[in-house]
Amino acid sequence: MRHFKTTAAALAIAVSAFAAPAIAADVDVVHWLVSPGESKAIKVLADATDATGNKWVDNAVSGGGAGGRTIVANRYAGGNPPGAFYGQPGPDMHKMADADMLQTTQSVADAEKWDSVLLPIVSQYLKHKGQYSAIPLGLSAHNWMWYSKKIFDEVGVKPPATWAEFIEIAPKIKAAGYVPLVVGGDAWQEAMIFRSVLAEVGGIDFYEKVYIERDAEAAGGETMVKTLELFRKLREFTDQGAGRKWNDATRMVIENKAAIQLMGDWAKGEFNARNLKPQQDFGCDLAPGTHGTYYTAIDVLLLGKLADPARTKAQMDMAKAIVSPDTQAKFGLAKGEIPVRTDVDTSGFDACAQIAIETVKNPANVVPIPDLVLSPDTFGQINDTMSEFWHNDSVTTKEAAAQIGDIIGSAL
Amino acid sequence: MTIPARVGSILRFEWLGATPTVRLILAPVMIAVFIAYYATILWTLAISFTSSSLLPQYDFVGVAQYTRLFGFLRWKVAFTNMFVFGIAFIFLTLIIGTILAIAIDSRVHAESAFRTVMLYPLSLSFIVVGLVWQWILDPGLGLQAAVRDLGFDSFTFDWIARRDRVVYTLVIAAIWHSSGLIMAIMLAGLRGIDREIWRAAKVEGIPTRRIYISIVLPMLRPMILTCVTLLAVAVVKNYELVVAMTRGGPGNSSDMPSRFVVENLFERSNIGLGSAAAVVMLVSILAALAPYLYLELRKRA
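Chains G and F, in that order, give the protein sequences. Here numbering that gives the first Met the number 0 is used: position 230 in the first sequence is 229, and no number is missing along the way. Here numbering that gives the first Met the number 0 is used: position 240 in the second sequence is 239, and no number is missing along the way.
Excised from the complex, chain G in its bound form:
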């Protein structure tokens, strides 16, 4: 009898622990958007998810994309896939979907009619074997040109719309003591310039032939040689930036030491952080040679395949909340991207984003960046070759073109 009270109390506690049913579930999200502007954007998504009754568990990782992908790989290897992780819908997404590692979002797509509401390029690239396999967050372009209005006003020239124009006005800018074109020390920054030169010399058709259709002959042929020649001519208008990071280069434009920089739309965060207004304190436009085209990356959340049906439902709720017009507008404003839906109220977006929104109205203008169509290995090798060509004057245009042709030809 003397144990009765203790036993009863213990039983009551044990039962109450099982009593509360778990209606809402957690979605743990792995991402590497940790800069101040990017954190604001993540908060928009987190608030949207929390509003559905579920909980966004944030697993921010430092170390950029490589660090994040390592964490995701380790989670899968340990048998505990993440609820969601940030990425691009490229060849790796398809590999993971083939290996049955991803949760499809087709159910939400059917209910919300994504096929008719999303931009065509988003629908095209998000589908694996006809099924939507990710949550689209926004469209982010890589072919932006950020320029210093002060320098152009001072020298008395217009910002260039093509590289041919740039080569004409660059000597004047250099004579005035400024760096005409500032590049950082990474191969991917040089690659942005390379791609816009390629677009100018060969047009969108050539770009698609090389990167999407993987035509090895075109990739190693005459047009590529001409591209490389023009690319090499730009070198004298840069400075010796040893190991410079992209935001250091942006800072040179902000401080009016350099005239133009080619960088993706995340550079806008640098200007915003200093309260500079687009088209007033600094200039933005699409990169020379790429006017009228939007070279886009599609930011997505990929979903891990989870065993718990409550957590899967939480993922689907999150998908619906993130692709809603309201969240899309807020996220785009915070991150500097444009929404993936065609029916979002975009009047609040700044002057640079308005250029983007106008351009993507025509689906033919939207072209994927190589990350979406080539394996990281292939475009990494192309970057290596192109970077070697940029820095090493003894590599001839014919050699480099032949190498690029080989790489594209042997692309997996």
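Take these hints with a grain of salt, some might be off.
[Unchecked claim] Taking lysine-lysine and the BS3-like style, the derived pairs with C-alpha atoms no more than 27 Å apart in a straight line are:
no., chain 1, residue 1, chain 2, residue 2
1, G, K312, G, K39
2, G, K126, G, K360
3, G, K397, F, K75
4, F, K236, G, K244
5, G, K112, G, K319
6, G, K397, G, K208
7, G, K244, F, K75
8, G, K256, G, K232
9, G, K208, G, K225
In short, the hints are calculated from the structure, not lab data.
Put chain F on the given structure of chain G with help from the hints.
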């Protein structure tokens, strides 16, 4: 010991420790070490013979990854860089560290202050070292700009922006970082030498320089062995230095095998190729160090 007796001894784990209690205590550690180090090395070796890209595939493709590896210009550059960096770094750090140790050993005033100052760089991580030296050696920001501002307009020191010289900037930064450690180790060795030997040599009338070269330094061979081992490990671990200082640039001319492996494993989803590169790194370092280690350790037996 006869061969059967030796095998029996190994199987009874007598190499782990003298008594069964000691062996029991050490066994979990040894198992952890075996799994964490050797089993993973074997797994990497196995993966290097497969066609794994994003995820491990357990098919067998022979030496295809190795053939592919040596077809990359970038790998050849990185591999050569490792040896250039390694040889320059080890030799120069040894020499500079030893000279510093000899200088401090001569009973200077404020000796502990000097020692502390020389050891400060060692407390910095390679990332900080790389970043600071990048700023110092940047032609537009650092040494070249400062000297030019002083009036010497034709002074150039833009090695960090030159493809053919950038490896040597890595050597400079690494020497600055590690000389203090070598100095400390060699100083400990010098202090351990019997003063009688000094007196005997002085009585013979041998000049100081010859005492050091022919008598003292040969006695410090165990210390030098330690230093070389530590420095060789630092050569392999120089990933953070390259990433912080030059990011492999300009182009890929200051790339190192460590950076090549990490990039292929994690960013390029090329597990098979990265593993092959890692195995080549391991084999080449062992091949370079093994003769030296064998000579040193054999003598002591």
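Verification of the hints:
1. About 26 Å separates the Cα atoms of G/K312 and G/K39, which keeps this hinted pair within 27 Å; it holds.
2. Restraint check for G/K126 and G/K360: the C-alpha separation of about 21 Å stays at or below 27 Å, so the hint holds.
3. Distance restraint check for G/K397 and F/K75: the Cα-Cα separation of roughly 21 Å lies within the 27 Å cut-off, and the hinted pair is therefore satisfied.
4. Taking the CA atoms of F/K236 and G/K244, the gap is near 23 Å; set against the 27 Å cutoff, the hint holds.
5. A C-alpha spacing of about 11 Å is found between G/K112 and G/K319, which places the hinted pair at or below 27 Å, so the restraint holds.
6. At most 27 Å may separate the alpha-carbon atoms for a hinted pair to count; G/K397 and G/K208 meet this at roughly 19 Å.
7. This hinted pair checks out: G/K244 and F/K75 have alpha carbons roughly 26 Å apart, not beyond 27 Å.
8. With a C-alpha separation of about 21 Å, the suggested pair G/K256 and G/K232 falls inside the 27 Å cut-off, and the hint holds.
9. With a C-alpha separation of about 16 Å, the suggested pair G/K208 and G/K225 falls inside the 27 Å cut-off, and the hint holds.
The structure meets every hint from the earlier list without exception.
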